[in-house]
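Peer 1: One letter stands for each residue in the lines below.
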Amino acid sequence: MTTLTIDTSQLRKTYGTRTAVRDLTLQVGRGEAFGFLGPNGAGKSTSIKMLLGLVKPTGGTALLLGQPVGTREVRTRIGFLPEHFRFYDWLSASELIAFHGRLCGLAEDKLRRKIPELLERVGLGTQNNKPIRSFSKGMMQRVGLAQAIVNDPEILFLDEPTSGLDPAGRKLVREVIAEQCSRGTTVFLNSHLLGEVEQSCDRVAFIRDGRIIAMYEMGAWQSAQTEVEIRVGHVSSAAIEQLKGFTQDVRLVGQVLQLRLVKVEDLPDIVRRLVEAGADVFSVVPQRVSLEDLFLQMMGPDPGL
Amino acid sequence: MRENAIDVRLPAGAPKLPASDQPVIGRATKESSAFVLSRGPGALRTTLLMARVTFREAARRKILWIAMLAGVAFLALFSTALHFVLKHEARHTSTVDFREGMIMMTMMVLYAGSMMTSLMAVLTSCDTLSGEIASGTIHAIATKPVQRWCLVLGKWVGFMGMLTLYVLLIEGGSIMISWLESGYRPPHGLAVLSLIWLQALVLLGVTMTASTSFSSLTSGAVSLGLYGVAFVGGWIEQFGSLQHVKACINLGILSSLIMPSDALWRRAAFKFQPPLLGTVGVTPFSGTLVPSNAMVVYAAFYALLVMLLAQFLFSRRDL
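Protein chains in written order, with this note's numbering: chain A, 102 to 406; chain B, 89 to 407.
If you are wondering where the hints come from, they were derived from the structure by calculation, not from laboratory data.
Remember, it's a predicted structure, so these values are computed and weren't measured experimentally.
All C-beta atoms in this analysis are idealised placements derived from N, C-alpha and C, irrespective of residue type, glycine included.
Please note that a few of the clues may not be correct.
[To be verified] Computed spacing ranges between beta-carbons, pair by pair:
| hint | chain 1 | residue 1 | chain 2 | residue 2 | range |
| --- | --- | --- | --- | --- | --- |
| 1 | B | Leu165 | A | Pro268 | 28 to 38 Å |
| 2 | A | Pro217 | B | Leu165 | 44 to 54 Å |
| 3 | A | Ser235 | B | Arg273 | 14 to 24 Å |
| 4 | A | Glu209 | B | Asn338 | 55 to 65 Å |
| 5 | B | Ala131 | A | Glu209 | 17 to 27 Å |
With these hints in hand, go ahead and build the complete structure from the sequences.
Peer 2: Written as structure tokens, this is what we have:
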């Protein structure tokens with residue numbers, strides 16, 4: 102049975118007269134990797150902080166694992182990697198994980214077993230006794246990831262986990278996300294690196310001006326709106342007119358017809374019409390719309406934030 | 089599929105939201121989790137964890153050791169000076185003058201020590217909450233299953249431990265050196281130490297309270313500003329007492345109520361001296377007008393209250 106691990110309704114946060122989050126309504130299921138996307142200042146950080154219980158919502162409801170956000174019971178079962186993870190840099194990596202494990206209430210014997218495993222997992226097995234102040238940004242991020250999963254969380258919040266990481270580090274984060282999801286953990290991922298989100302997430306939500314403006318299952322936007330390039334010869338303007346019945350968005354550039362389709366199922370019909378109208382069809386190539394294309398299209402012109 | 093109450097644009101047939109026909113809370117409680125659950129640490133464990141990490145931070149960052157080293161230098165200087173003074177005075181002054189001079193000298197050293205302790209209380213703690221809030225360090229901690237007030241209490245306990253060691257070293261050391269070299273044993277040595285220790289705790293609590301809402305520098309400025317108010321208030325009170333100006337005495341008492349740090353010092357100075365001494369004019373060491381026991385009790389409540397206030401404010405605020 103799929104269950105909801107995150108369930109919010111009309112969650113809102115205002116600071117004085119400024120509204121940071123207008124309306125956050127979303128549901129995320131167990132084992133899902135959920136991408137949370139939006140431009141700077143859209144309300145992403147405040148949204149995450151409300152879900153984590155760091156910021157008190159002004160209105161609306163939010164349940165994590167069926168319980169109100171921010172309770173100790175809920176916090177026992179979540180993990181969090183903050184953006185720009187910082188910590189007492191005079192601790193060594195293993196001391197830091199131990200400290201966070203103890204804050205989670207883990208027993209000492211379990212911690213002793215767990216710490217080397219975790220450090221090994223994030224690729225810091227040999228650096229366990231070095232003070233964190235000697236770590237690079239990427240290494241800090243890895244320690245941060247290890248502390249976020251020290252309690253085997255049921256929901257893992259990752260705020261920009263791959264910023265500052267090299268390609269190997271990014272791959273590691275993707276693997277950890279996949280591992281966590283496969284053991285049933287919900288991963289809530291906030292990232293600007295859309296390529297990473299595209300590779301890791303099952304579903305994405307777009308937030309702008311403090312409200313969710315769209316949600317897509319990964320890749321679903323491709324079938325929702327497909328761009329197709331058809332290489333044709335001898336195409337008449339009458340034939341092109343006929344295509345307007347399927348979509349208004351038709352352009353002929355040289356010998357290539359560019360169409361934007363809402364229903365990809367129309368494609369065979371379109372080809373048939375073209376052939377019947379006397380056109381030669383050489384190739385039909387659906388164009389891939391990347392998450393970045395979709396993001397830019399959703400968010401409109403760059404406000405320069 | 090659950091309905092979204094807002095204008096979420098869902099493409100036809102695209103996102104399949106997890107479906108279920110049971111109420112959310114019922115589902116979550118019924119479900120047997122495959123996860124190894126742990127309960128969050130208790131209040132005591134959290135407090136001790138934070139106390140330990142705070143104390144260790146001071147040690148690892150060398151704050152503690154440098155402060156202690158400065159303290160040892162301070163004591164060495166005092167001990168050497170006292171040695172020469174005693175050698176000189178034994179030859180040239182009467183027994184009474186000799187004792188009085190020696191007590192005055194020790195008191196000056198105790199006063200310097202109390203100022204150093206107060207500064208130490210403010211400077212070490214002004215960055216602890218505000219700095220961690222500003223850097224985001226607190227986010228990974230406060231999202232753990234701990235009560236926020238325990239985080240503040242733990243830090244307070246850690247600093248208290250450090251200040252206790254510091255008071256014992258500087259002030260206890262001064263009293264001890266004075267005793268060993270001159271043979272003068274203050275009638276209430278432990279009370280003197282306790283009062284100076286309480287003074288440090290008052291400042292610690294005020295700084296931590298300010299640190300929940302203001303930046304590190306502002307928090308330090310708030311505490312030191314209040315310390316200054318108390319200092320001036322103490323002088324005003326003593327002048328008022330000497331000149332019999334009631335308004336000045338009341339002003340002094342009011343300043344002690346706003347910040348009882350100076351009152352505690354004056355009580356400590358009084359406790360250090362033999363009963364007959366202590367009326368040698370208006371100095372920070374004289375007991376022209378000695379703060380009452382009630383003021384000490386007030387200061388203890390004050391220290392407790394500001395500590396609780398810091399916990400309350402930190403628990404309520406957005407991080």
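Peer 1: Give a verdict on every hint.
Peer 2: Results for each hint:
Checked against the given bound of 28 to 38 Å, the beta carbons of B/Leu165 and A/Pro268, roughly 59 Å apart, lie outside it. Our hint of 44 to 54 Å for A/Pro217 and B/Leu165 holds, since their Cβ atoms are close to 49 Å apart. Taken as a hint, the range 14 to 24 Å is violated for the pair A/Ser235 and B/Arg273, whose Cβ atoms sit roughly 51 Å apart. One distance hint, 55 to 65 Å for the beta-carbon pair A/Glu209 and B/Asn338, holds here, with the actual separation near 57 Å.
For the hinted restraint 17 to 27 Å between B/Ala131 and A/Glu209, the CB-CB distance of approximately 19 Å keeps it satisfied.
When held up to the earlier numbered hints, the structure conflicts with 1 and 3 and fits the remainder.
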